[in-house]
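Residue numbers (my numbering), protein chains in the order written: chain Y, 4 to 432; chain X, 9 to 345.
It is possible that part of the hints are untrue.
[Unchecked claim] Some chain Y residues close to chain X (C-beta under 10 Å, calculated; not the full set):
hint, residue
1, I35
2, W196
3, V197
4, T199
5, R204
6, P207
7, A268
8, G271
9, Q274
10, F316
11, E318
12, D320
13, N321
Read the hints as simulated data drawn from the structure, not as lab findings.
Ideal Cβ positions, reconstructed from N, Cα and C, are used throughout, including at glycine.
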Amino acid sequence: MLLISNSRVIDPKNRVDDRLSILVDKGRIVKISKRIKADGAERINANGLIACPGLIDMHVHMREPGREDKETIDTCSRAAAHGGFCTIVGMPNTSPVADNQTVISHVLARGKNALVNVHCTGCITKQSLGQELAELADLKGAGAIAFSDDGRPVRNPLTMRRALEYCKMLEMLIISHSEDLELADNGVMHEGWVSTMLGLRGKPEVAETVAISRDILLAESVGARIHITHVSCKNSLNLISAAKKRGVKVTADTCPHYFSLTDEAVIGYNQNAKVNPPLRSAEHVAAIKRGLASGVIDAIATDHAPHTALDKFVEFDNAESGMVGLETAVPLVMTNLVAARVINLRRAIELLTIGPARILGLDKLGYGSFSIGAPADITIIDPNKEGVVNPEEFESKGRNTPFAGMELRGWPVYTIVKGEVVMRDGRVV
Amino acid sequence: MNVEDLHKRLTSAMAGRYLSSKDVTGIDPLSRTDIELIMDCTRVFKLEFIPSGEKKLPLLQGRSIINFFFEPSTRTRTSFELAGKALGADTINISADSSSMNKKNETLNDTARTLNAMHADCITLRHSSAGTPMMIARMIKAAVINAGDGMHEHPTQALLDLYTIIEKRGRAEGLDVVIVGDILHSRVAGSLIRILRKFNANIRLAAPPTMLPAYVERFGVKTYHDFDEAIAGADVVYALRVQLERSAAAFIPTLREYSKRFCVNMARLRQAAEDAIVMHPGPINREVDLSSEVMESRQSVVEEQVTNGLAVRLALLSLLIRPREDLAKQTRLTGRG
Chain Y
4 MLLISNSRVI DPKNRVDDRL SILVDKGRIV KISKRIKADG AERINANGLI ACPGLIDMHV
64 HMREPGREDK ETIDTCSRAA AHGGFCTIVG MPNTSPVADN QTVISHVLAR GKNALVNVHC
124 TGCITKQSLG QELAELADLK GAGAIAFSDD GRPVRNPLTM RRALEYCKML EMLIISHSED
184 LELADNGVMH EGWVSTMLGL RGKPEVAETV AISRDILLAE SVGARIHITH VSCKNSLNLI
244 SAAKKRGVKV TADTCPHYFS LTDEAVIGYN QNAKVNPPLR SAEHVAAIKR GLASGVIDAI
304 ATDHAPHTAL DKFVEFDNAE SGMVGLETAV PLVMTNLVAA RVINLRRAIE LLTIGPARIL
364 GLDKLGYGSF SIGAPADITI IDPNKEGVVN PEEFESKGRN TPFAGMELRG WPVYTIVKGE
424 VVMRDGRVV
Chain X
9 MNVEDLHKRL TSAMAGRYLS SKDVTGIDPL SRTDIELIMD CTRVFKLEFI PSGEKKLPLL
69 QGRSIINFFF EPSTRTRTSF ELAGKALGAD TINISADSSS MNKKNETLND TARTLNAMHA
129 DCITLRHSSA GTPMMIARMI KAAVINAGDG MHEHPTQALL DLYTIIEKRG RAEGLDVVIV
189 GDILHSRVAG SLIRILRKFN ANIRLAAPPT MLPAYVERFG VKTYHDFDEA IAGADVVYAL
249 RVQLERSAAA FIPTLREYSK RFCVNMARLR QAAEDAIVMH PGPINREVDL SSEVMESRQS
309 VVEEQVTNGL AVRLALLSLL IRPREDLAKQ TRLTGRG
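Just chain X, same shape as in the assembly (with noise of 0.2 Å):
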């Protein structure tokens, strides 16, 4: 595979369709078209950039990309770092403390006037207060991904486990999805359960009440205490993190006790539908979010999700950074090079 052979790929699984934002601050704000789109040009890479072998196909040389990680991230700033490499484009990144943007004494105005100086073409921007991405994308030039905000979306996650339920069962409608842990501070569940209730999936969260957020039903799902109870018969089973790092002490007793309810065990498992596959953002906490058993088990698709990943960034930053107007115009000049 070539740049020119990839910029045909592209073209004709976009088939004439844009993304009707600049910007990838959430799940809400795409359309149902828009994350179609979004999976068509994923498969593209997934089934033919990445198994081609090929590190590096410059299809946006001379872009540049900002990684902009106001709070701690390997797995995520390093998927967008390797997806903008192999596209060419020139990748910073740039890691701070989650506040400093307000200790450094701006405002957000200040900071998106020095964003803009720098023609970046898109920001990556992860940052603990909820709603700074959308902030910054309304005020700046460059495409914005949102690569986590607070305990609000986790776009770029979602997208990926969209794409992986939907290679390994065919669909994502009718499917029964449980999300186990805690919902509470998950943006990742935020983001999740936007998406599979655009695709019509049914949704059933498992938690203690302290890790639900209020009201959270009306995003259109069912809440369970009892584990056991929400994995009878789910087509998806998906842990999240217990985030010790978010003070998770407070919301329960111990892991201990907590991973008793909620852990998923090949016990539990067994209760699902026979052909359900097991999903985790990572990183795993053994023995408290999964067990080992359950993560060497073939159900287990989580080292999937990470190469698919990589495809859906690899597919964003290709979508975004190339206007549409720009899109003949580029292919002509880099195939020159």
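Chain Y on its own, in the form it takes in the complex (with noise of 0.2 Å):
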């Protein structure tokens, strides 16, 4: 038995926020109230601290099968563990991508021992050559919970309505890296003031949101749901706000770095700032923290991209994108966008839990909010304690992160998963 006595229970699903004590039991939640007596049991005594349903990231790259040498499943699942996550999902660009039945039974198996829940995504197309469907349907009986060609967005317009059409049908979600390659023109950064100033290739925003607004209407004349993930413009709301009035089924999240960084971090060419879709100007960070506020954001995912020194520390041009973010989300959540009174606790915990959730379909699982006899998931923060980022400290292999020196307050300190506590006091167990 574990008592986590005293918290403050956030469980925005359920509208709980209250002096409440945790009792576990067998892997599972048996009681929630104001005073448990429990003798005997293992007790964590959370006066001060947030206890609230296990987070979920919706989107990480795990690397395996193919790089291990950037991640593997354990490693990221220690990682996640590490930043109080206590499910991850992850994208099918691993090597071979996951576009059959076998990448995914081989990822979900070595899941199963990982320290956190792991769930992961199948391709849209084969190869994730956005040509022609993959086996959605075996892809779907082989446990993926959802469909993207994340990083190789789909090109044809036709091809995405048809994977749409057929998702439909499946009744599963397409999530998608909304990018107009074309566009985009090889970029490498925000097209702003910035890239002009380090002479460097910009991807401008209309590349985001020329896509997204094509994805949306593809959605929408079928009839089918749609996820925009790592949402970074201004327009980008806009239109998802409009289409979400009119009724179209789509959903969106962004990243921390998102809220947290503008394009200027890539000055002095830091190829640790280097991410697709590229750190955006202040008005766009602006308007992510206004989407968030408001509701046209649902879900907080971190886009975790570990890559190894040999990756990035090229010239910039030749530099991966992407950074690590799951151990890393949480303290930057609630710096900047908690304590900067963007959003309340109970909106950001909503954000990293429910929100994802319910997107996915996990809520039906229990994912997302404390339930009676529901599998214990749960992640204590304590919102007082404050840290630098040191990479050295990471589980993660990847050590690729902007953020690194930076002083955040707001740390995850126990990590509970189906009543296992696999993080003690900020260290993994």
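Two independent chains are provided; combine them into the complex using the hints.
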């Protein structure tokens, strides 16, 4: 038995925000109430701490199979536990890509032994080439919970339309990395004053918005659901907001870096600030914050993208895109959103729990909220804990973060997965 | 002129000043004082060394310079090589495909370590990827001169251009300078705009909108799509090369149409100030960037730019390779030889 006593329990789905204790037994939540007597139970005195449903990251790159030098399912899970996440959802751009049941089965089998709950997505098209649909029904059967050609957006609108129609039949979600590759034109950062100053090729905002428009219109025309991942621009939010208002089944997420950094982070040719979509200028960052507050954005995901030094510390143009995110997401949310009064704590937790759970249908399996009898996935956050981001302390193999050295306040202190404490006092058990 | 004379003349031109950085990676990191120092030393080479007919004064004897060109170049590389050899340094040229640093599975750190182990005194580096010279400079002991990085900067070109403008017009301050052509892809423009802003010239950029970078006005320049309007009364007309090799074709319909609107021809030049000078970084696309008539006219200073390029590079090598504490000692050594 495990007793988490006197914490501020925040469960946005059930509209709970109160000083409560949680009792866990045999991996399940057995009681949540003001006072619990549980003689002999292991005790976490959570006075002053926040206990919430286990955090869910719906967008990570576990790199396995194929690039185990960057990350493995094991190290990624440890990074998740370290960062307060109980559940991670892997993207299918592994090597080979997850366009067949074998890869899905492999990832899920490896995930069974991992510290956290591991789910995965399958490709929309064969080899993520954007030409022919992958065996979507079989991928679903093998356990994929959504489909995406993340990083290699489906170029052909007809293919995308068919994928949406097919997914509607399967009641499956397409997660779209919406980017018009022609308009992006091999840009390596946001197109703006900073790209002009640095002489780097820019990706304009319109490369994202044209693709989002297309994907929304296609989803609308066939009546399918669509999820737009890692939204980074002001006008993207306008498009998604308008679509939601007219009843399109569209959802969206953004990542901590899009509300924490501007394109100025690239100055000095900082490869760790190279990411796709690129870090945008201040007006976009402000818009993303408004979108988080207004409800246009439904979830925060990290797009955790570990890379080796060899992938990153080369010429800026040749450096791979992406940054690790699992181990910095919570303090970035706490510091840049909650403490900065962009959103309140309840909303922040919603964006990391029931928000992504609903998008993926994981809420039906009990993810993203507390309920008696459900598996005990619990994240405990110390809102006052201060710390400096130190990549050397990461559990991830990736050290590629632009947040190194940053002082942040509000860190995860316990991660409990199915009743097991997998991270305690900031250390993975 | 002998080595002793040159050293004396340089020392007097330096007047106790030194560059604030071990590198010249761009115009941005240089202060106005740095640039004035470079101009003063360039003047020594331009007015005294080059006309003296001496081809070699071993000021940098025993020192080594590596010209690392990851992108094709003839003029700039030759100019650096001539400058190094004229000062008696050993110069080594390495040309390679632009991405080979990366292709060899090396990080920039590894490259820097190799360069450090070579104990070169100066590395001139041209690379198709913006920022690479800065990143290398941060990691190595040798002086690094950016010989052009992507669409970012080409500082030695801007230094020679500034020298040429001051030589011809006495100053840069308050002059109306029109830069015409593919500003978007031009590192020459990148450095020229920066250096002219530091010296308070008025800059007009003339180009079709497809060839102007985002928010370029923030440099403190005015943009024009109508070259005839832009050139009116200009003191300096600077034409850029339409960079066919950078697939300019996708940005303009045809060279023919481009030249109609943006070629510097005599009719347009007559709208500029009477004593306007015409400049170009070379190599010139005749009848596209400049008409032959303009090229041959007395207003063109294109060849002077090439000579000044040599003078600027001689000055930079002397300034960067000779650290202050070595200055006296080294003169004694070379003097003995």
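Hints, verified against the model:
Using the Cβ-Cβ criterion of 10 Å, the hint placing I35(Y) at the interface with chain X is not satisfied: the shortest such distance is roughly 51 Å. Taking 10 Å as the C-beta cut-off, the interface hint given for W196(Y) holds, the closest approach to chain X being about 4 Å. Taken as an interface hint, V197(Y) checks out: its beta carbon lies about 9 Å from the nearest beta carbon of chain X, inside 10 Å. For T199(Y), the shortest C-beta to C-beta distance to chain X is roughly 4 Å, which falls under 10 Å, so the interface hint holds.
Using the Cβ-Cβ criterion of 10 Å, the hint placing R204(Y) at the interface with chain X is satisfied: the shortest such distance is roughly 7 Å. Interface restraint check: P207(Y) against chain X, minimum CB-CB distance 8 Å, threshold 10 Å, status holds. For A268(Y), the shortest C-beta to C-beta distance to chain X is roughly 14 Å, which exceeds 10 Å, and the interface hint is violated. A hinted interface residue such as G271(Y) counts as satisfied when its beta carbon comes closer than 10 Å to some beta carbon of chain X; here the least separation is about 8 Å, so the hint holds.
The criterion of a C-beta within 10 Å of any C-beta in chain X is met by Q274(Y), whose closest approach is roughly 9 Å, and the hint holds. Annotation: F316(Y) was flagged as interfacial toward chain X, and the flag holds, the nearest CB pair being 4 Å apart, inside 10 Å. Taken as an interface hint, E318(Y) checks out: its beta carbon lies about 4 Å from the nearest beta carbon of chain X, inside 10 Å. Because the beta carbon of D320(Y) sits about 4 Å from the nearest beta carbon in chain X, less than 10 Å, this interface hint is met.
The interface hint given for N321(Y) is met, as the beta carbon of that residue sits about 4 Å from the closest beta carbon of chain X, less than 10 Å.
Hints 1 and 7, counting from the list given before, are not met by this structure.
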